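A.B. asks: Residues per chain, in single letters:
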Amino acid sequence: MALDKYGIAKRIAQEIEDGSYINLGIGIPTLVANFIPDHISVVLQSENGMLGIGPFPEEDQVDADLINAGKQTITTSKGSSLFHSAESFAMIRGGHVDLTILGAMEVSENGDIANWKIPGKMVKGMGGAMDLVASADNIIVAMQHKSRSGDSKLLKECSLPITGLRCVTKIVTDLAVIKVLPEGGFELVERAPGVSEEEIIKATAGRLIVKGNIPEMKI
Amino acid sequence: MALDKYGIAKRIAQEIEDGSYINLGIGIPTLVANFIPDHISVVLQSENGMLGIGPFPEEDQVDADLINAGKQTITTSKGSSLFHSAESFAMIRGGHVDLTILGAMEVSENGDIANWKIPGKMVKGMGGAMDLVASADNIIVAMQHKSRSGDSKLLKECSLPITGLRCVTKIVTDLAVIKVLPEGGFELVERAPGVSEEEIIKATAGRLIVKGNIPEMKI
Amino acid sequence: MINKEVKNAEEAIQDIPNGATLMFGGFGLCGIPENAISALVKKGITGLTCISNNAGVDDFGIGLMLKKHQVKKMISSYVGENAEFERQLLSGELAVDLIPQGTLAERIRAGGAGIPAFFTPAGYGTEVADGKEVREFNGKHYLLETGLTADYALVKAWRGDTSGNLIFKGTARNFNPIMAAAGKITIAEVEELVAPGELDPNMIHTPGIYVQRIFQGNNYEKRIEQRTTQLA
Amino acid sequence: MINKEVKNAEEAIQDIPNGATLMFGGFGLCGIPENAISALVKKGITGLTCISNNAGVDDFGIGLMLKKHQVKKMISSYVGENAEFERQLLSGELAVDLIPQGTLAERIRAGGAGIPAFFTPAGYGTEVADGKEVREFNGKHYLLETGLTADYALVKAWRGDTSGNLIFKGTARNFNPIMAAAGKITIAEVEELVAPGELDPNMIHTPGIYVQRIFQGNNYEKRIEQRTTQLA
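Protein chains in written order, with the numbering used here: chain S, 1 to 219; chain X, 1 to 219; chain E, 1 to 232; chain R, 1 to 232.
Isolated chain S, as found in the complex (with noise of 0.2 Å):
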């Protein structure tokens, strides 16, 4: 059966190795971190202006002074930091975050990714995508393997407003994990329970490599 994106966001945290430093998107990213098992030590940047994230206040928390990229209000958390933006993306552009994970509306065979215009429709900017995706090592992508009208989001080439080039490492979608190859192409690595490789060659536009047996997730 295809994956909830509680179920996306299970899958991904097992991902998240110890000691990392992890930029989480809007929707789908921000859900990982309630997955991240209690033995793994990672902090969470929020590109507004703070590492170490804590969790979402009580009532009484509530500060209007401290909210996330996602303009949630949320807490500090022990060893916690605050700076300002241009601090925030250097921190990004330079290197320094392990991790990013976030949504796409579609992903190249070769790791490009658009995320942030619809042609014809209102365009309300990218945000902090184009700096996260151009400057991480490493990114996961989470999103539904299929749009709503039932279009493959895994593309030999974008047909959308491209947001980064051949940037994306790895791609969780609703069926199935996927390595974008150095070289190009879609690995298949895991299947969601229940579903088939034939139900993902299909929903796969891009050339999707499926070696040997693929093992179901285990979430």
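Derived by calculation from the structure, the hints in this document are not laboratory data. Since this is a predicted model, take the numbers as computed values, not measurements. Don't take each hint at face value.
[Claimed, not checked] Listed next, the in silico DSSO-like pairs over lysine-lysine satisfying Cα-Cα at most 30 Å (straight line):
{"hint": "1", "chain 1": "S", "residue 1": "124", "chain 2": "E", "residue 2": "68"}
{"hint": "2", "chain 1": "E", "residue 1": "68", "chain 2": "S", "residue 2": "117"}
{"hint": "3", "chain 1": "S", "residue 1": "78", "chain 2": "E", "residue 2": "222"}
{"hint": "4", "chain 1": "R", "residue 1": "140", "chain 2": "X", "residue 2": "156"}
{"hint": "5", "chain 1": "X", "residue 1": "117", "chain 2": "R", "residue 2": "72"}
{"hint": "6", "chain 1": "X", "residue 1": "5", "chain 2": "X", "residue 2": "121"}
{"hint": "7", "chain 1": "E", "residue 1": "140", "chain 2": "R", "residue 2": "132"}
{"hint": "8", "chain 1": "E", "residue 1": "42", "chain 2": "S", "residue 2": "124"}
[Claimed, not checked] Covered stretches of chain S, as calculated for chain E (at least 3 residues, CB under 8 Å):
{"hint": "9", "stretch": "43-56"}
{"hint": "10", "stretch": "86-97"}
{"hint": "11", "stretch": "158-166"}
Note that beta-carbon positions come from the ideal geometry of N, C-alpha and C, so glycine has one too.
Given chain S's structure and the hints, the job is docking chains X, E and R onto it.
C.D. replies: Then chains X, E and R, alone, in the frame of chain S:
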């Protein structure tokens, strides 16, 4: 009579406007601070990372973690702030410092300054001087009119390696106050007490412009 | 110390002319100069170019200025959450420059720091790169971006002293310190204004040299866009 | 939080190899990583490239490493106050790159911030400009300068926590925060090491993300070069 270094510093202090931020170089410029009148509010910048230099410390106030660019122990004053070296030069380069006062080996009649290197001698480095002279709009040089060997330091062209081009706006020496004209040329503005125009003309190798009666400095 | 205190927002902004380029601190509605915005709305000047990460919401922040048609152009990284904005944009009343957030922040930082241009990787291979110089360093591609300054920067801090030193709180810091440095005239409003000497010199976020006018604001609403709490 | 505490300077520097490029915080002898320097002298590694605003004095700071011929090249803005330095330079044992102080600071800041190159006015028309690209912006000339990083950055702070957050004191801050960000491995020594949560998140000068190893140093000498006091 030619001024001593305190006289030069005293005369420069008259150039200081209320409400300005000032960077004082090492040597005579540092002395200027002692002659700023009480009714004038200025803030002194130290390029190693401080605004609002206070007086030298009492014996029991000495703090190794609080020094000026000349590596002398100093104190903070009310309203001081501390910052790192990139911020300090951002301030300088961004034109936020209103006035820079520094020493020189030579100044040319179009405002070039040489103050960091003598060929054949061990070169110690330019420190912050090149940043200061490339950035400030208002640069006053404090120096002796002639070198120890009796050569004029106000030249048609600098003979020593340049620190910066077309940047000096005024020169205060032991003999005179001289404006560097935007179109080039040294304009004699004031004479040191008892020093004749002839003496200044003789001591100036670059083009000296003398218009009308040149008053004596009032110090 | 130099005293930069002015009475209130009205006095602070009184010489801002029509057509000025203004920077506004804030991320979403967090850390915006509420008092200065109110005064600008009251004053009614128009033809403004506004540099701000976001454009407020319909009835708060820069949204209030949009509603009164005071803004000619927005320079931002993200402008959602604002129906009037969308209407003016589609009707051609309003121009928008969308800039990647990190590039926007760095351009502002460069403007204040006297750096006329720098290379950054963000936007390479995208439409953001159109017309820009591309250069390769160590096998990676970068765009040349220029520094940004403004006629006036309007910033909001938590505490400040009359010589202009500022301390921000939480994530309300965001674009405020870099804009303070990039304004030819920087107007700071603070929740608490104190005398010089009351703030620890070691803990100043924005040194007073960057601030030309300062006042203690009042009636801060500090509206929250996404009030999110622990599940009970 | 991520625990980055190591036992002492010896452990912190144990993997620094011969030939490494190192950054050292400090301005003169103020804010230098005294413990790390002692450990490097004891370890005796050689062929080092040292990026530091100054080069210490004959018997303290980086001067101690010069005396033991550990340094192949210095990248600095000012290197006076050091006879041994002068001797090695004149004899050709030591190479020196002299860089304007503001350019040095900005190159280090750029290195940490992922900016490969930027334009600055310092040095235009001087020998510093030799071989560099010159470009005019708004009628003023600028040089293209590149970002600087190091294999290791050795910094000294006043207080720090085990997750790497640092607070500096007075003008001992200087080059330390920007070098912390520009080191591939940054080793911080602090006068007082505390647990995460003991430092105010709002008052951190260097966020822990930039620091890979931290330890509490001991026996700080904090030598003063120009002890200057009020005339009695």
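A.B. asks: Does each hint hold? Answer for all of them.
C.D. replies: Quick rundown of the hints versus the structure:
no. : hint           : verdict
1   : S:124 to E:68  : holds, 21 Å
2   : E:68 to S:117  : holds, 28 Å
3   : S:78 to E:222  : holds, 25 Å
4   : R:140 to X:156 : holds, 23 Å
5   : X:117 to R:72  : holds, 23 Å
6   : X:5 to X:121   : holds, 25 Å
7   : E:140 to R:132 : holds, 21 Å
8   : E:42 to S:124  : holds, 28 Å
9   : 43-56          : holds (count 7)
10  : 86-97          : holds (count 6)
11  : 158-166        : holds (count 5)
Checked against the numbered hints above, the structure violates none of them.
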